[in-house]
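Novice: Each chain is listed here by its residues.
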Amino acid sequence: MDLQLIGMQLLSGAVLGAVLVMTALGFTIIFGMLGVVNFAHGALFMVGAYAGVMVAMQTGSFWFALLVAPIAVGAIGLLIERFLIRPLYSRPPDDPILLTFGLGYVLVEGVRIVFGNDGIPFSTPSALVGVVNLGIGYFPIYRLFVIGVVALILVLLWLGLEKTRFGLIVRAGARDPQIMRVLGVDMRRLWFLVFGLGIGLTALGGVLAAPMRNVSPEMGSIVLAEAFVVTVIGGLGSIAGAVVAGILVGLVVSMTSLFAPEMATISMFALMALVLLIRPQGLFGRASI
Amino acid sequence: MKDKQSKSMSINRRQVVGGIGFGAAATLVGMPYIARAQSETIRIGFPTPLTGPFGAEARDQVKSAELAIKQFNEAGGLGGRKAELLVRDDKLNAGEAATRTLELIEKDKAHAIVGALSAAVQLAVNEVTRARNMLYISISQSDTINEVKDFSRYTFHEALNPHMTTAAVAKHTFKKGAKVAHLAADYAYGHEMLRGFKRAQASIGAESVGEILHPLGVPDYSTFLPRISAMKPDILCISNFGRDQANSIKQAAEFGMKQQMKIVVPVILHNQRLAVGSEVFEGVVGGANYYWGLEETIPSARSFNDAFRATNGGAIPTDYGAYGYTGVKSLLQAITAAGGTDVDKIVAALEGLKYDVAKGPQSYRKCDHQSVQSVLVLESKKKADMKNDLDLFRVAATEQSGEAMLRTCAELGFSG
Amino acid sequence: MTIQPLEGTSSPEQSRMAIDGLIQVASAWRVPLTVLALSVLPWVLPSKALAVNVLIYGTFAVGYNLLFGYTGLLSFGHAAFFGGGAYLTGMSIVHFGFNWLAALSAGIVGALLLSVVMGVLSIRTRGIYFSMVTLALAQLVYYTALQASSWTGGENGLRGFTVSKIDVAGLRIDFLNPLHKYYVVLVFTALALWLVSRVLNSSFGAVIEAIRENEGRARACGYDVERTKLLSFILSGGICGLAGGLSALHLAIVPLDTLHYHTSGLVVMMTLLGGMGSFFGPFVGALAFLVMEDVLSLWTAHWQLFVGAIFILFVLFLPKGIWGTIMGLGVR
Numbered sequence: 001m002d003l004q005l006i007g008m009q010l011l012s013g014a015v016l017g018a019v020l021v022m023t024a025l026g027f028t029i030i031f032g033m034l035g036v037v038n039f040a041h042g043a044l045f046m047v048g049a050y051a052g053v054m055v056a057m058q059t060g061s062f063w064f065a066l067l068v069a070p071i072a073v074g075a076i077g078l079l080i081e082r083f084l085i086r087p088l089y090s091r092p093p094d095d096p097i098l099l100t101f102g103l104g105y106v107l108v109e110g111v112r113i114v115f116g117n118d119g120i121p122f123s124t125p126s127a128l129v130g131v132v133n134l135g136i137g138y139f140p141i142y143r144l145f146v147i148g149v150v151a152l153i154l155v156l157l158w159l160g161l162e163k164t165r166f167g168l169i170v171r172a173g174a175r176d177p178q179i180m181r182v183l184g185v186d187m188r189r190l191w192f193l194v195f196g197l198g199i200g201l202t203a204l205g206g207v208l209a210a211p212m213r214n215v216s217p218e219m220g221s222i223v224l225a226e227a228f229v230v231t232v233i234g235g236l237g238s239i240a241g242a243v244v245a246g247i248l249v250g251l252v253v254s255m256t257s258l259f260a261p262e263m264a265t266i267s268m269f270a271l272m273a274l275v276l277l278i279r280p281q282g283l284f285g286r287a288s289i
Numbered sequence: 001m002k003d004k005q006s007k008s009m010s011i012n013r014r015q016v017v018g019g020i021g022f023g024a025a026a027t028l029v030g031m032p033y034i035a036r037a038q039s040e041t042i043r044i045g046f047p048t049p050l051t052g053p054f055g056a057e058a059r060d061q062v063k064s065a066e067l068a069i070k071q072f073n074e075a076g077g078l079g080g081r082k083a084e085l086l087v088r089d090d091k092l093n094a095g096e097a098a099t100r101t102l103e104l105i106e107k108d109k110a111h112a113i114v115g116a117l118s119a120a121v122q123l124a125v126n127e128v129t130r131a132r133n134m135l136y137i138s139i140s141q142s143d144t145i146n147e148v149k150d151f152s153r154y155t156f157h158e159a160l161n162p163h164m165t166t167a168a169v170a171k172h173t174f175k176k177g178a179k180v181a182h183l184a185a186d187y188a189y190g191h192e193m194l195r196g197f198k199r200a201q202a203s204i205g206a207e208s209v210g211e212i213l214h215p216l217g218v219p220d221y222s223t224f225l226p227r228i229s230a231m232k233p234d235i236l237c238i239s240n241f242g243r244d245q246a247n248s249i250k251q252a253a254e255f256g257m258k259q260q261m262k263i264v265v266p267v268i269l270h271n272q273r274l275a276v277g278s279e280v281f282e283g284v285v286g287g288a289n290y291y292w293g294l295e296e297t298i299p300s301a302r303s304f305n306d307a308f309r310a311t312n313g314g315a316i317p318t319d320y321g322a323y324g325y326t327g328v329k330s331l332l333q334a335i336t337a338a339g340g341t342d343v344d345k346i347v348a349a350l351e352g353l354k355y356d357v358a359k360g361p362q363s364y365r366k367c368d369h370q371s372v373q374s375v376l377v378l379e380s381k382k383k384a385d386m387k388n389d390l391d392l393f394r395v396a397a398t399e400q401s402g403e404a405m406l407r408t409c410a411e412l413g414f415s416g
Numbered sequence: 001m002t003i004q005p006l007e008g009t010s011s012p013e014q015s016r017m018a019i020d021g022l023i024q025v026a027s028a029w030r031v032p033l034t035v036l037a038l039s040v041l042p043w044v045l046p047s048k049a050l051a052v053n054v055l056i057y058g059t060f061a062v063g064y065n066l067l068f069g070y071t072g073l074l075s076f077g078h079a080a081f082f083g084g085g086a087y088l089t090g091m092s093i094v095h096f097g098f099n100w101l102a103a104l105s106a107g108i109v110g111a112l113l114l115s116v117v118m119g120v121l122s123i124r125t126r127g128i129y130f131s132m133v134t135l136a137l138a139q140l141v142y143y144t145a146l147q148a149s150s151w152t153g154g155e156n157g158l159r160g161f162t163v164s165k166i167d168v169a170g171l172r173i174d175f176l177n178p179l180h181k182y183y184v185v186l187v188f189t190a191l192a193l194w195l196v197s198r199v200l201n202s203s204f205g206a207v208i209e210a211i212r213e214n215e216g217r218a219r220a221c222g223y224d225v226e227r228t229k230l231l232s233f234i235l236s237g238g239i240c241g242l243a244g245g246l247s248a249l250h251l252a253i254v255p256l257d258t259l260h261y262h263t264s265g266l267v268v269m270m271t272l273l274g275g276m277g278s279f280f281g282p283f284v285g286a287l288a289f290l291v292m293e294d295v296l297s298l299w300t301a302h303w304q305l306f307v308g309a310i311f312i313l314f315v316l317f318l319p320k321g322i323w324g325t326i327m328g329l330g331v332r
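Here the protein sequences line up with chains X, Y and B, keeping their order.
Going by the numbering used here, the first residue of the first sequence is number 1, and it counts up by one from there.
Going by the numbering used here, the first residue of the second sequence is number 1, and it counts up by one from there.
Going by the numbering used here, the first residue of the third sequence is number 1, and it counts up by one from there.
Because the hints were derived from the structure by calculation, they are not lab data.
All values reported here derive from a predicted model rather than from experimental measurement.
One or more hints might be untrue.
Examples of chain X residues toward chain Y, derived with CB under 10 Å [stated by the list, open to error]:
{"hint": "1", "residue": "Val-223"}
{"hint": "2", "residue": "Val-253"}
{"hint": "3", "residue": "Leu-258"}
Every residue gets a Cβ at the ideal spot worked out from N, C-alpha and C, and that includes glycine.
The whole structure should be built from the sequences, with the hints applied where relevant.
Specialist: As structure tokens, this is what we get:
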């Protein structure tokens with residue numbers, strides 16, 4: 001086993017980690033803020049990918065799709081919050097799980113009806129096609145671009161949460177919604193916007209994945225599992241946790257792929273089980289939820 | 001032995017059911033329906049995964065099977081007896097398929113079952129049919145179904161198996177001394193394809209530079225690809241199926257591996273190629289049971305395509321879809337030869353049947369009931385070479401029908 | 001968890017004595033009444049194979065509900081017990097030549113052992129973390145079964161253990177006959193229902209409901225909460241193992257999908273659809289779900305659209321589930 005190969009494994013693991021962070025971000029934000037476990041996360045990721053492909057095909061521009069599709073799907077997210085999730089806030093926490101589970105079925109089947117069962121082709125945008133020699137081996141330019149986008153999104157999220165009034169309210173609201181209500185903050189409006197933001201980010205993950213993964217109605221089901229694993233390891237609702245956990249999972253999967261490839265998927269779940277048993281609230285989670 | 005059992009059955013049923021309190025009424029209603037008129041419709045149960053990732057293939061199978069039924073009925077059926085197709089959604093789930101098959105046998109009183117797309121579903125259906133002496137024509141790929149452990153006298157395997165497709169693909173792509181790497185899905189079907197390729201590679205004299213088993217359903221192959229690159233193979237065999245195949249080829253292309261090595265797959269699917277696109281698949285070589293382009297050389301393919309186009313608004317039949325046609329058509333031919341629906345007579349007729357309904361001569365081997373047939377080796381065309389939207393593949397080679405491409409009966413565990 | 005128990009409670013100012021009395025009587029006789037209702041199922045459902053599935057998934061859901069509805073613990077890992085029971089039943093016949101009853105017992109014992117292990121590991125976590133731990137552990141069971149293919153048949157599923165006849169007290173029953181099979185399975189379902197009913201009526205039943213309503217108070221009252229939860233977890237696992245074993249005998253195969261988290265999701269959905277926290281609810285949910293799926297999938301390949309929409313409508317407008325809503329109408 002030469003060092004070049006190990007270097008390549010580490011790199012592809014870290015990049016896979018970035019992709020995982022992107023797939024988990026919307027899920028984590030919605031859970032952390034609203035306490036809603038969104039079982040339709042995978043389906044909305046898939047809808048994002050389809051929306052991206054549609055916009056790109058209509059306009060001929062991937063860049064336009066990268067901007068427009070998440071906004072469009074985020075708007076759908078706002079409608080979902082308003083008409084499906086909002087009536088459940090006073091209900092037991094299991095109710096949103098059941099509802100989003102049903103919603104996932106509806107979205108997947110809806111896409112099958114409109115676009116067929118087989119999926120649709122989508123290629124890497126021409127500006128990002130090809131591989132680049134990094135000294136240790138060749139790596140796709142597109143994946144490096146994805147890292148850049150994920151980093152940009154994380155910086156924007158951090159600025160938004162730490163440096164703006166809105167971010168302050170969001171952080172405070174996640175900690176204690178009741179106090180916020182007493183202080184006269186309209187939590188419903190806040191939750192409405194955060195849900196839309198979470199779904200928009202989920203859809204962005206879908207658009208970014210479209211050139212790498214086959215765009216098909218089932219592409220979301222594994223994404224839901226991945227988002228679960230990353231979110232649970234990082235600590236439910238913690239964005240920093242999701243970032244660290246995503247990269248950690250990417251590296252663990254990558255190293256397992258090198259030494260025991262058939263265990264690559266189980267290693268992800270084993271890591272999750274281990275973290276849960278040693279530190280049930282996850283790496284960055286608060287002790288009680 | 002089975003007959004004795006059914007004779008002693010009626011007494012026992014009365015005792016058991018009576019004990020629960022439903023007594024005579026239950027016994028009467030539950031009596032097996034014995035009187036079967038000569039004019040009774042021939043019912044063929046057809047479990048297929050209409051829901052899920054292979055819904056398009058499943059619908060093609062149904063269309064093809066219905067065409068075979070239609071042709072049979074238009075030709076007068078079996079002395080006036082018409083045939084009917086009972087389509088059931090197996091949802092690509094073995095438990096669901098077993099339940100649907102039980103329903104088809106117990107409630108719908110099917111005379112035979114044809115169908116299944118995944119190996120696990122096929123083996124589940126086989127388990128149900130063989131316990132009940134029910135005729136089953138399997139149209140799913142698997143090596144396991146040929147082996148003596150899962151053999152049923154009443155089961156026939158119309159589809160190709162991994163051993164055949166890998167042998168044909170390897171024969172036309174491997175060369176002596178070529179370096180071959182393998183990426184295979186870690187489950188029964190993946191192992192079977194891997195075994196087939198390695199066997200062919202040994203007999204051709206190609207050299208194996210490594211193999212990687214990947215978990216089923218992985219969405220991202222980027223962590224497996226650097227190791228494959230480091231093996232520096234001439235040929236990469238990707239032994240997985242459906243979405244896994246689509247993702248792994250798409251990502252291998254993304255990592256620029258298609259410039260370094262030739263990618264070959266055991267089975268290449270028409271609908272998958274459409275879903276993934278010509279750029280990604282360009283140059284990929286794979287095996288197939290059927291391709292509509294056969295019509296240029298094979299008369300039965302032309303008449304099948306024409307009939308299919310006429311009933312389906314000009315659409316062409318696809319690979320897995322064609323199994324629905326060849327499976328049902330050969331069964332109906334055997335029923336005609338047997339002169340009725342007596343299961344033992346149909347088995348004898350199928351064993352002796354020589355048929356050419358869509359792709360040249362076929363017949364069922366006696367020991368394992370595998371359909372001996374040709375295997376096509378297809379190469380995915382680049383966009384510029386496509387004459388129209390349906391012109392996806394070039395027929396690189398046709399491995400002619402022959403028992404030599406099957407594992408021997410002795411190897412499968414059959415004595416004599 | 002803030003779900004109210006459905007049986008026996010009704011706001012006094014609204015309750016009508018007669019209906020209330022009737023419900024009291026029905027509650028006391030709930031097991032015989034359920035079994036009586038179930039014994040006509042093969043005659044009213046579209047097929048007998050479906051009827052057997054209703055018994056099996058009904059038992060699964062009742063076992064699951066003991067933990068979810070009554071103890072208030074949302075497990076996402078019960079596929080491990082259902083599948084574990086199924087695999088051990090099948091493997092006992094394939095590899096050790098057990099007879100059907102010994103194999104079924106082995107399945108139950110195996111599920112019990114598995115639930116002890118998973119219970120000990122998961123019971124100290126709370127809320128959504130409990131759900132996650134059970135999910136993660138069940139996934140490990142799934143991958144173990146996938147890898148140990150020489151024992152389990154791997155992705156192809158476990159095969160080769162068709163039980164075609166069974167001997168009970170000198171009687172030979174044709175197990176391939178769907179009606180015979182139905183009533184044999186019904187005997188075990190009845191036993192499971194009886195057991196669950198006894199448990200719920202015992203002081204243990206009162207304690208688990210107290211834990212669901214307010215864990216802190218139950219602890220303050222001096223109950224060993226962890227031990228009670230664990231016992232409930234194990235009991236639930238054992239009954240789900242029985243259901244799995246029956247499913248293995250019914251289908252004569254164990255598909256790997258049995259262990260998939262979709263199976264865990266399925267039982268949650270069935271329980272919620274019928275109405276959690278009520279005795280009949282889960283069974284009604286299993287019945288409704290399976291019949292709905294059977295009928296819809298014959299009619300359209302897009303049945304999942306309707307299943308999904310029905311779930312959404314239920315959560316929004318009938319959160320007590322089918323049975324809970326019917327009971328609610330009764331008392332009002």
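Novice: Each hint needs a verdict: does it hold in this structure or not?
Specialist: Taking the hints in turn, this is what the structure says about them:
The criterion of a C-beta within 10 Å of any C-beta in chain Y is met by Val-223/X, whose closest approach is roughly 7 Å, and the hint holds. Restraint check, Val-253/X versus chain Y: the minimum CB separation of about 6 Å is within 10 Å; hint holds. Annotation: Leu-258/X was flagged as interfacial toward chain Y, and the flag holds, the nearest CB pair being 6 Å apart, inside 10 Å.
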